[in-house]
Amino acid sequence: MSKLTPLRDAVADLVHNGDCVYAAGFTHLIPFAAGHEIIRQRKRDLVLARATPDLVYDQLVAAGCARKVIFSYAGNPGVGSLRIMRAEIEAGHLEWEEFSHFSMITRLTAGAAGLPFLPMNPTGAGDLERVNPAFRRVKDPYSDGEVVTVPALNPDVAIVHVQRADAEGNCHLWGIVGEQKEAAFASARVIVTAEEIVEAAVIRSDPNRTIIPGLAVTAVCHVPHCAHPSYTQGYYDRDNAFYLDWDRISADPERVRAWLDEWVYGVQDRDEYWQKLGAEVHARLKVEPLWSEPVNYGRY
Amino acid sequence: MADITYTPSELMTVNAARLLRDGDVVFVGVGLPNLACNLARRTHAPHLVMIYEAGVIGAQPARLPLSIGDPTLVSGALSVCSMYEIFAFYLQRGYVTVGFMGGAQIDRYGNVSATVIGDYRHPKVRLPGSGGSMEIAAFADRCYFLTPHQKRRFPEKCDFRTSAGFLDGRASRQALGLRGSGPAAVVTDLGLLEPNEDGELVLTAIHPGVQADQARQNTGWELRVAPQLTATAAPTDEELSILRQFDPDRIYLSSTG
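In order, the protein sequences belong to chains U and L.
Going by our numbering, the first residue of the first sequence is number 1, and it counts up by one from there.
Going by our numbering, the first residue of the second sequence is number 1, and it counts up by one from there.
Simulated from the structure, these hints should not be mistaken for lab results.
None of these values were measured; they are calculated from a predicted model.
Every residue gets a Cβ at the ideal spot worked out from N, C-alpha and C, and that includes glycine.
Just so you know, not all the hints are guaranteed correct.
What the hints assert, rightly or not - Chain L is faced by these chain U residues, among others (derived, beta-carbon under 7 Å):
id	residue
1	Glu88
2	Glu97
3	Glu98
4	Gly124
5	Val131
6	Gly178
7	Tyr231
Only chain U is shown next, with the shape it has when bound in the complex (with noise of 0.2 Å):
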């Protein structure tokens, strides 16, 4: 059964107020279409969790949508802080919960596997156990040793963006895939965007690629350039300047009002935003082929 649905109903119908949001991706595939969508729609009281909170993060607190963040590292990443983020939280507008990448993600691996808890090493650094009394302390039952532990995190909405899909979800994801399986699998909802939809012959041509399958996906979204300033392998480049321009950006808040208003509220969805980029963005950000040697499934 075909789940394509445009991207404007999959956010109007599967993202609700107050909802716990995870919008996948380490700093690859990060679908900041949705985020702008969501921004658009004007959602409220979100939380929204992420290892790392990225640009977009930092757009959906500007524009108010976010009542808490989950996360583990809140920094523009190579560039700096998250300006808008930090203020808020700095200013105790905005609840905030805090891991490290791995109890972060092992978190997700628990909520995916419909686990309560999982445990990991001790680190020996202490302080941030002692803050987030969501980390506890097990005796390891099969030895004297102790466990650290954290809960499972199963957010009641997933959106990770994908290179390419079929129409019932079946992924096909390479590069870095960072926690996307984990959001999909952990998430009560899941709305994935395809730079591109594909018959399911060419899903299955390659099966080992298929990340996160579609039984897993409560709606497909044909989304091309979704991660844009992200990127997305093989079809576009990251836009670093864009990274460092948000830093300047994001020091005015005045700044950030207008630049909601020009590239979120005055365009009506992606493609218009990806036209207003223009040629010069595009040439930019324009990568040249590199291609993996085709592996031989068999014929049986």
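Chain L: place on chain U using the hints.
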């Protein structure tokens, strides 16, 4: 030699690269650690394996990545895996020999704060947070840090321990039985700090033209000087030219730290 000029960042990066051994498996942080690994791989450590927390193993970046999730790390890499796998199978399981990080604050016993300066709930400065560092510092065989030598970056004791050095002394880390052996060196723009038998960071080397007193004055505790204080060799032409190829726009290397 005297006519070779270099920035403090270049000096730190070259000295950091020299600490890496051929065959090391390095969990690489962005920025200068990344440059240092690339330099080591092009000079004395051709079999260095670079691992990035995004899940990339054996990266051979063709350009300098701004972020540690850059697509150039993937194209031509040995393997790409999930974040859970990189932290659980590679790091926690014990395949990483070197953790290589920056650090906002490093204290007398090599504990690091990357979370806050001041009180956690009402911080003076809110920093980005742990990222991978809490587990890297615990599980990598040995750890190196790269940070400019400033008093505010070297407090007697960190307000918040994001990652463990030797805690309150070498014995307190050993008592926990962590698999990693802890900080092995801190490279600054003035010299090298290394832990003594108690796990206290002491000045073991100074860069050309630096006096031990400069390091003492820029450290937040009574910095001891090792009995056999050595001098580092100035960066060579070869080291500098390779380094600059990786950062032609001098994004990282021009800074004074």
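Now for the hints, and whether the structure bears them out:
Interface hint at U:Glu88: violated, since its Cβ lies 11 Å from the closest Cβ of chain L, which is beyond the 7 Å cut-off. The interface hint given for U:Glu97 is violated, since its Cβ lies 11 Å from the closest Cβ of chain L, which is over the 7 Å cut-off. A least Cβ separation of about 6 Å between U:Glu98 and chain L falls short of the 7 Å threshold, and the interface hint therefore holds. Checking U:Gly124 against chain L by beta carbon gives a least distance of about 4 Å; that is within 7 Å, so the hint holds.
Given hint, U:Val131 at the interface with chain L, holds; its Cβ is 5 Å from that chain's nearest Cβ, closer than 7 Å. Against a cut-off of 7 Å between C-beta atoms, the interface hint on U:Gly178 holds, since the closest Cβ of chain L lies about 5 Å away. Taking 7 Å as the C-beta cut-off, the interface hint given for U:Tyr231 holds, the closest approach to chain L being about 6 Å.
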